[in-house]
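Colleague: In case you want the letters, here they are:
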Amino acid sequence: MILETKNLEFHYPDGTKAIDDISITIPEGKKVSFVGKNGSGKSTLFLLLNGTLKPKKGNVIYGGKNVDYSSSGLRDLRKKVGIVFQNSDDQLFAPTVYQDIAFGPLNLGYSKDEIDRVVNQMLDHFGLHHIKDKPPHHLSGGQKKRVAIAGVLAMDPEVIILDEPLSNLDPVGADEILDILNELNDLGKTIIISTHDVDLAYKWSDYVYLLSDSRLVDEGIPEDVFSVDEQVRNSALKSPFILDVYRELEKRWLATGNKQPKDIPELVQSLNSIDLMRVNIAPEVAVGECVNLGVLFGDFTKEGLYEAVNSRVLFKNDDGTAVVELKRRVLKPGAIYVYDMDSFDKDEFDKIVSEYDINFIGAMGKKSKDIAESQGINVVCNSGVIDKSILNAITGSRCLILTSSGMVSHTAKRVREYIQNSGIRLIFSPIGKSAAELDSRNENSAELEIEQENELETKQES
Amino acid sequence: MRTLDDIALLSPLRYKNTTLKVVLVFTGLLAGLFSSSPILPFFIAACMITATLVLGRIPVGMYLKLFLSVAGFAVVSAFILAFFANGSGGDVLWSVDLFGWVISITTGSANLAVLVFARSVNGLACLFFLSMTTPMLELFSYFKRFSFLDIFMELVMLIYRYIFVFLAVLLNIQSAQSMRFGYKDFRTSIHSIGLLVGSLFVQTLEQGDRLYLSMNARCYDGKLPYYNAKYKILFSDALVSILFIASVAAVYIYTRGIQFF
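Each protein sequence line maps, in turn, to chains A and B. Once you know that position 415 of the first sequence is 415 in this note's numbering, the rest is easy, because the numbers rise by one and skip nothing. Position in the second sequence (first residue = 1) + 462 = this note's numbering.
Calculated directly from the structure, the hints in this document are not laboratory data. All figures in this text were calculated on a predicted structure; none of them were measured in a lab. The beta-carbon is built from N, C-alpha and C at its ideal position, and this holds for glycine as well. Misleading hints may appear alongside valid ones.
[As the list claims (entries may be wrong)] Selected chain B positions facing chain A (in silico; Cβ < 7 angstroms):
1) Ile621
2) Tyr622
3) Val627
4) Arg642
5) Lys646
6) Arg672
7) Pro687
[As the list claims (entries may be wrong)] Part of the chain B face toward chain A, derived, beta carbon under 7 angstroms:
8) Gly660
9) Cys681
10) Asp683
Work the whole structure out from these sequences, hints included.
Modeller: Here it is as structure tokens:
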């Protein structure tokens, strides 16, 4: 615990309570957000944390010790706990960027050379070299914010507190500042921000404190804090957008997951991999019943050219449509075969092409391409052969990959990995003389498919 | 809005040695002042204007606007001098009878008027050169070298910085007021200006508080860093300067006593 408060209380001179009995513990090296509406006491709390304000009751504890409010004690605290103010103009008071960044180190009594070294390091780190001789009123909002952060970082604090760091910034500028914060956190700094942007707090922080009317309402990891809708609403906040979307999807059985998604990739991952489709159904069909959809083809198929499809109704809409879960059976599955060109034999090759009804031939490696060319084989594909073969096989083609013996096992590995990860049913086998030893391993993939199917069925039952 | 300081900040001559610029400007000013012929001041003014516009890349329109607005005073005073400074003697060039009151221009007064006009234009051109190529920042580091009082310097630097902050605030308030017809007639204008000044005053006090807070948050110990602008005098700079001073001296010697009338 790097920074703690115990039963902190603070009134403004006119008697209004700004902080009411707040106890927090901030662990070292974490990203912490204080979330609350305007006027909920975030800024005041921050000024208490770096000793600018003195609490009426309770303690601020830094590194296990009560804060010493003597001038030398405060100096030590402020060197460790830096504050970046919401309005950069409050903070940037020197006539040039260089002077502003040099302010902290100078007042900490660094030598001239040391100041120069630190400032130049900051200018490099934040990409500010080209504007070092400019006055702050010539800078953009994002640049001002970067200078402000650099000015605080120049004192090498352990904790950096930022009051509304992204307010008044354009999206790109805001992203830059977020990147900087994440980077500083990676370097071991504890980062504390205040914000009323719940989306930011939800996706960015390791730990969240929810403040309302000068009081601590809730604390915890963002998934927990924001999952209590009522509390969030009472703090005059809304729940994070991505969480709202996820909940609506979950209600409609379109997404499931063990944890709530924090960002778009996680949301996409939580989308059910079960095969869903929106169809028109007769009104008397109830949820849970099975409907035969017949044979699908073209864009509606997933694994083969033609698929026989049964479906189960999951959710009925008011307009006569329903979301159904599909159970597909490929009528003629696609296939990938691998042929070892080192033991090329014209007769055998022709036999394979006709027997397996091959309609897509790809060649890998210079050597096999040369052989194929000299033998007059019609190679359709020369690059990205494995991927293209998989794509073609999914749509029902029977593909033959020509490769040298060294590449056979690599190809086999790639294709099997794909089958395993996607759960899509493909026939895959090395063929020809040298394929015997690889053939034995082929059994595994078949077993995998069966497992996949079982999993689907258990999902349906639940 | 672009201020004179912004223009100076963007000028390439900003990065030239300040001392050199000051020396050149003072040479120009003094030479113009001691010259008995109007030719030298005109010559120096021409050099300075060219340097400001070409080397300093100051927009011509902007320069003309500023220059003419000030030069207008010089024209008026030269005109008046021509009529009323005829104590210097010489032949009467032109005279007019105004209800029995004869006003005349003599060669002496005409020459004096031209000389005064030339000197004013010279002074203007020299000072414009300095102010349009030397932002306040360079002057701070320059003052610092002459060991001005620290407290004075710090105040000047803070004031400099916050002039621009409050300038932005002022413009915002002003447009907010005029958007809602705050300047529709004299009475409302006076009222609005009163409100504006009052609100600015309150904001300066608050800003002062916040400034003190943020300085303390960064361990303020009574020290402000100084801007150390040390620009070396390049060979080309020295060459141009020597050329300028030499030609000023040459013009001074060869035009001594030459008058227009």
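Colleague: Decide, hint by hint, whether the structure agrees.
Modeller: Structure-based check of all given hints:
1. Ile621: This hint is violated: B/Ile621 lies away from chain A, its Cβ roughly 10 angstroms from the closest one there, beyond 7 angstroms.
2. Tyr622: With a minimum Cβ separation of about 6 angstroms from chain A (threshold 7 angstroms), the hint on B/Tyr622 holds.
3. Val627: holds, 5 angstroms
4. Arg642: violated, 24 angstroms
5. Lys646: Cβ of B/Lys646 sits 31 angstroms from chain A, so the hint is violated.
6. Arg672: holds, 4 angstroms
7. Pro687: Since chain A brings a Cβ to about 4 angstroms from B/Pro687, closer than 7 angstroms, the hint holds.
8. Gly660: violated, 21 angstroms
9. Cys681: Nearest chain A Cβ about 5 angstroms off; hint holds.
10. Asp683: holds, 4 angstroms
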